[in-house]
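S.K.: Residue numbers (my numbering), protein chains in the order written: chain A, 1241 to 1592; chain B, 1241 to 1592; chain C, 1241 to 1592; chain D, 1241 to 1592.
Be careful, since some hints might not be right.
Calculated cross-link-like contacts (lysine-lysine; reagent style BS3-like; alpha-carbon spacing at most 27 Å) [said to hold, decoys possible]:
1. C:Lys1244 to A:Lys1435
2. D:Lys1386 to A:Lys1283
3. D:Lys1386 to D:Lys1327
4. D:Lys1435 to B:Lys1435
5. B:Lys1497 to A:Lys1497
6. A:Lys1244 to D:Lys1515
7. C:Lys1497 to D:Lys1497
8. D:Lys1435 to A:Lys1515
9. A:Lys1412 to A:Lys1335
10. C:Lys1515 to B:Lys1244
11. C:Lys1244 to B:Lys1515
12. A:Lys1435 to A:Lys1283
13. A:Lys1412 to A:Lys1497
14. B:Lys1515 to C:Lys1283
15. C:Lys1435 to A:Lys1283
16. B:Lys1412 to B:Lys1515
17. D:Lys1435 to B:Lys1283
18. D:Lys1283 to A:Lys1511
19. C:Lys1511 to B:Lys1283
20. B:Lys1283 to C:Lys1283
21. C:Lys1386 to C:Lys1497
Since the hints were made in silico from the structure, they are not lab data.
Protein chains: 4
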Amino acid sequence: MATKAKIGVLGASGYTGAELVRMLLRHPRAEIALLTAERSAGKAMRDVFPQFSPYELPTLVALDGLDWASMKLDLVFCALPHATTQKVLVEVLSKAPSTKIVDLSADFRLADTTAYAKWYGHEHHAPELQKEAVYGLAEIHRRAIKQARLVANPGCYTTCAQLPLIPLIRAKAIDLDEIVIDAKSGMTGAGRAAKEAMLFSEVSEGFNAYGVGGHRHMAELDQEFSAAAGRDVVVTFTPHLVPMNRGILSTIYVRGKRGRTPEELHAILLKFYAKEPFVHVLPFGQTPQTRHVRGSNMTFIGVAADRVPGRAIVISALDNLVKGASGQAIQNMNLVLGYPEAMGIDQVALFP
Amino acid sequence: MATKAKIGVLGASGYTGAELVRMLLRHPRAEIALLTAERSAGKAMRDVFPQFSPYELPTLVALDGLDWASMKLDLVFCALPHATTQKVLVEVLSKAPSTKIVDLSADFRLADTTAYAKWYGHEHHAPELQKEAVYGLAEIHRRAIKQARLVANPGCYTTCAQLPLIPLIRAKAIDLDEIVIDAKSGMTGAGRAAKEAMLFSEVSEGFNAYGVGGHRHMAELDQEFSAAAGRDVVVTFTPHLVPMNRGILSTIYVRGKRGRTPEELHAILLKFYAKEPFVHVLPFGQTPQTRHVRGSNMTFIGVAADRVPGRAIVISALDNLVKGASGQAIQNMNLVLGYPEAMGIDQVALFP
Amino acid sequence: MATKAKIGVLGASGYTGAELVRMLLRHPRAEIALLTAERSAGKAMRDVFPQFSPYELPTLVALDGLDWASMKLDLVFCALPHATTQKVLVEVLSKAPSTKIVDLSADFRLADTTAYAKWYGHEHHAPELQKEAVYGLAEIHRRAIKQARLVANPGCYTTCAQLPLIPLIRAKAIDLDEIVIDAKSGMTGAGRAAKEAMLFSEVSEGFNAYGVGGHRHMAELDQEFSAAAGRDVVVTFTPHLVPMNRGILSTIYVRGKRGRTPEELHAILLKFYAKEPFVHVLPFGQTPQTRHVRGSNMTFIGVAADRVPGRAIVISALDNLVKGASGQAIQNMNLVLGYPEAMGIDQVALFP
Amino acid sequence: MATKAKIGVLGASGYTGAELVRMLLRHPRAEIALLTAERSAGKAMRDVFPQFSPYELPTLVALDGLDWASMKLDLVFCALPHATTQKVLVEVLSKAPSTKIVDLSADFRLADTTAYAKWYGHEHHAPELQKEAVYGLAEIHRRAIKQARLVANPGCYTTCAQLPLIPLIRAKAIDLDEIVIDAKSGMTGAGRAAKEAMLFSEVSEGFNAYGVGGHRHMAELDQEFSAAAGRDVVVTFTPHLVPMNRGILSTIYVRGKRGRTPEELHAILLKFYAKEPFVHVLPFGQTPQTRHVRGSNMTFIGVAADRVPGRAIVISALDNLVKGASGQAIQNMNLVLGYPEAMGIDQVALFP
């Protein structure tokens, strides 16, 4: 039997932490060796997430005082709040420099630490580490990820927007000044913190936009779209909250450039993703539903013609906790550790 | 005590029928004299909608054989399927020409019967009646409605899109060629017909677009926007389904014309609706939520600046069964019968 | 025009507070003169509950320093946390003794202050006031309520359990030692406090019991059932949480005494509630659904035969925020102030 | 590599069919060789369930004309409507007698064909086959299942009720005449047929009982409980519908016999299921939630003391589509084919 990598999950008491544990428990080459949680330190994972009651897991511990060197972890998933992450990972890598890191926070996604300071309101605490971080959108940056020690796992909204748009931008197939992304997310995207606005009774049976005109995720989109285009790209992006647990659907309005038809945009995407295990392009005119990717690492993409000539509507759907977070993180782990890319994350979507 | 108008509701076994009955039961100047339903004819309303169990209501009857003249109805609400509506209303008005009609179907909304034929796939059965029909968006066409015998109650999506856009179009404040309407609706908008795609287990915990690129409601938008603009206007419109019962939220992307700022667009709407009882414009930068208009006849509108210079995001929210259908229909009834416009429909929203 | 009573709502930033405001805004004989909220003091009600944006309401104020005498309130609704309530109401009535009070907390429901101390873990702070408090289940204690200065509004679970059971107990029609109440509540019953367990993502798509074997509401049931029976009655009661906003459904298992059939139990309830405006007994064998009373002050009750001979299943449904809290509170206000009992709370249920 | 069994799924267009396909696609020893669906014959599985778009699957075919002998299927799952099932399986086994069958319908669950006729309203069409059918509750009848050719997979409600009760009944630990089962199910239990009562807008935001006093599943409970007790047992059972997709929770009220305490009942269950992979007994006093078993083959059981002395409350939770249907069916397949019992169905629950 193949050896198993020793894995740590920092911040295991949140939803992305639970998703990592869910998938790692069934990953043939992973052993969960460390689970941390500050406020729940000392508790069993089953007390924080009763779905794990039947399984043996390490007790949750606090970060403070951990001896990173002696634990000999092969890889650490970091699902901590932003800013905290930078400090913790500096510590981990200084004590145990051969540890691989997949960071699920936003802390290392922006290569430009000035942009980071602008959007997050404070100086970056680990600019040296930032330099080696690789942006972990596997379908776009696979080669670099395989060589990385520190992978910055992309955000859920931005994964859902980039997968359909990057190939079109690279192909110079769409007008860069008229991209509108209308995004809708399930509630797990807001995390597990107890806030009034996230209560069931505040959310159920209603729908709304939020952060209109200036959501933080835009910095990440700006960086990646501009890199793909070779010029500055600023898109319109509006996030909304859907009364459901999981899923993001992005309705993207684009105009074909130089006469590109919606059918041609579809063909570009179909070709680009032909061999990808986790991106599936639907037949032209069909559009995806979040429910059909729930619990899986899949992204579904559809393209349809708008009735306004020259315009197309591109729609993408993924599970924000899987391809939008923990599934993609394990995909990155597989790449970093040299495992088959789909190992342990090939679960079929749970519908209904 | 003031006399009560004798009211008929044709198609009372659907959701808009039930909403009419709910509000008419508490309307001080209305008496429900007739309720029709084809498949449920002979049943009590409480057998079709148990919430009416405590109330006395006429037994449901079939349309066939009704003696319209002798019933002496003052006003008939018609909530029948399209096409059927045309035939039935010709019959009603030929037998009882002094009856007022508020039609909730799409049958008389398109002044141009050629456009009707194109979108609905058959010739209009009552072109003569079409000529006298008045489009019933009270805030825009109030004066004409007061004189009308036949009012075509607007659609839910189109009410939600027109209320924020018509004043901006009339004021020549936005670019007419770049309007994108991303609309999201609760499930009652799909009606009560038993279809697999509308089952709880198909809908719950998911989100999707539908009719991408070519929804029927666009004909109504084309007509009204073009009339407001004095030229042809074709907008991009994508409807989505939200796993909730009631509510429509429209996220509308516009570009200010001739230097109009988002703040100026907001000011236009604020002024336009200053005295309207059922349209409420939020302070600049605030955006509405469907849950806060649930069960009420209110429309909430918000305007925010996009980060793309020159662009604004306008968001409107209403209850598709009230302001989007039956509440607006009673508002039209009030206008047609000379009652105070808000009578019987001033209920405060039910949240949570 | 009839004069309006000046009304205060203490604790207006919670769900029961919002429901009071919703109904009082349309009550013909009520004027909202005071709204309090500790943490939101200084805010407008529309900032706490945006559904009230279109309406003029007093600014929220803190309790501390209010001059109860000079405000000359006719009636105060108290929707404060338990224990706090006792202290505040002592203060109100000492300064403005002619004020009527309808208290929505649990503080004055238990006539026996010893029982209170046992269930709530501390001595009662206002035992003198407790003596004059009247238990406000209108259908059972109407006469006493009309004379009361201080009405203790019943709990939502207990209202739903008492309305079907009290008449059966009084009639000595059921075995008192085998009553099982399996109750299910929507999430608004848990209030608006930001707790992890009440987050949308924790609640949606799941179902569970809680407080199994020893819920606080049982003290109230013990008191009322024992009073109705003339002996001690201890029932089994298990509350559950349903992923919905509003509604309680109680499935009650009883055994007919001295040969009473399920049909006879039904007849007792039918007769008992024949003239009540807010309790509706369905035909034998039909059972209620929470959705059909949503937003209304109605309680629906159904009785069916169990297949185990001699046993019956009694099911009751109400909206926990209306008949289970604020609607019943206004019903009590109407009784206390001598208004028609159904004034302002006769709204028809909102379904779907 | 081990050989794979050739598997057929009859009735693949329903929810239990989709669940079988979801799990079989990842089962290391199963190959999906046949998918049938009458109304969808000729369609791809992805057209009926878009979550399967990325996977290669056989085209759906009709049953009529299938050559059972030449297909050489090792095992057939039958998810057809009742009565139809009997006829089809007679056909399958007459043509291909060595095929193993796991039947998910109710058709072969009742050993007594007279009881079948009473509850289902018609004579059993395959009384000979009935004689060899083994009732497929693995934790109770494992030994017999391993030898069976035809396994009758238990119902979802009845699995959820039997797992906690059978050990208690066998141990003669509870009063057999006072068992009350108050069961609550998600909507997928009602299947995928397009019925008005199952529409999202009819179900969402509400709760109700149904089939009060006489649900069909009781015949199965009667049979199994009576067998376990060695005498006739008739329980009270009330099913309810929860506005969620998946999950059953049974709240079971029992009285300990001969002084058995709730703690002793708990100990009996803990011991009985100590080594079972798919039944997990929580610590005494803790009770389960359906969300924590969603998507998994687990059953969680909790026991708490009632405040009425001598009574206990036992609560069980499972996913009706997995342990309540398709997961249990694959568990039976594994037993019948000699595979490890948990193969392919060891997925961890998906929460949130």
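S.K.: Does lysine 1386 (chain C) pair with lysine 1497 (chain C) here, judged by a C-alpha cut-off of 27 Å?
M.R.: Violated, at about 34 Å.
S.K.: With a cut-off of 27 Å on the C-alpha distance, tell me whether lysine 1435 (chain D) and lysine 1515 (chain A) pass.
M.R.: 41 Å, violated
S.K.: Holds or violated: are the alpha carbons of lysine 1386 (chain D) and lysine 1283 (chain A) at most 27 Å from each other?
M.R.: 41 Å, violated
S.K.: For the pair we were handed, lysine 1497 (chain B) and lysine 1497 (chain A), check the Cα-Cα distance against 27 Å.
M.R.: Satisfied, since the Cα-Cα distance of roughly 23 Å is no more than 27 Å.
S.K.: For lysine 1515 (chain C) and lysine 1244 (chain B), compute the direct alpha-carbon distance and say whether it is at most 27 Å.
M.R.: 26 Å, holds
S.K.: Would the hint linking lysine 1435 (chain D) and lysine 1435 (chain B) be met if the CA-CA limit is 27 Å?
M.R.: 7 Å, holds
S.K.: Quick one, are lysine 1244 (chain A) and lysine 1515 (chain D) close enough, alpha carbons at most 27 Å?
M.R.: Given pair lysine 1244 (chain A), lysine 1515 (chain D) holds - Cα atoms ~26 Å apart, limit 27 Å.
S.K.: Please work out if lysine 1412 (chain A) and lysine 1335 (chain A) have their alpha carbons no farther apart than 27 Å.
M.R.: The given pair, whose Cα atoms are some 45 Å apart, is violated under the 27 Å limit.
S.K.: Under the criterion that the straight-line Cα-Cα distance not exceed 27 Å, is the pair lysine 1515 (chain B), lysine 1283 (chain C) satisfied?
M.R.: 25 Å, holds
S.K.: Are lysine 1386 (chain D) and lysine 1327 (chain D) close enough, with their CA atoms no more than 27 Å apart?
M.R.: 24 Å, holds
S.K.: Are the Cα positions of lysine 1412 (chain B) and lysine 1515 (chain B) separated by 27 Å at most?
M.R.: 22 Å, holds
S.K.: Taken at face value, is the distance from the CA of lysine 1497 (chain A) to the CA of lysine 1412 (chain A) at most 27 Å?
M.R.: 7 Å, holds
Hint compliance for this structure: hints 1, 2, 8, 9, 20 and 21 are not met, and every other hint is.
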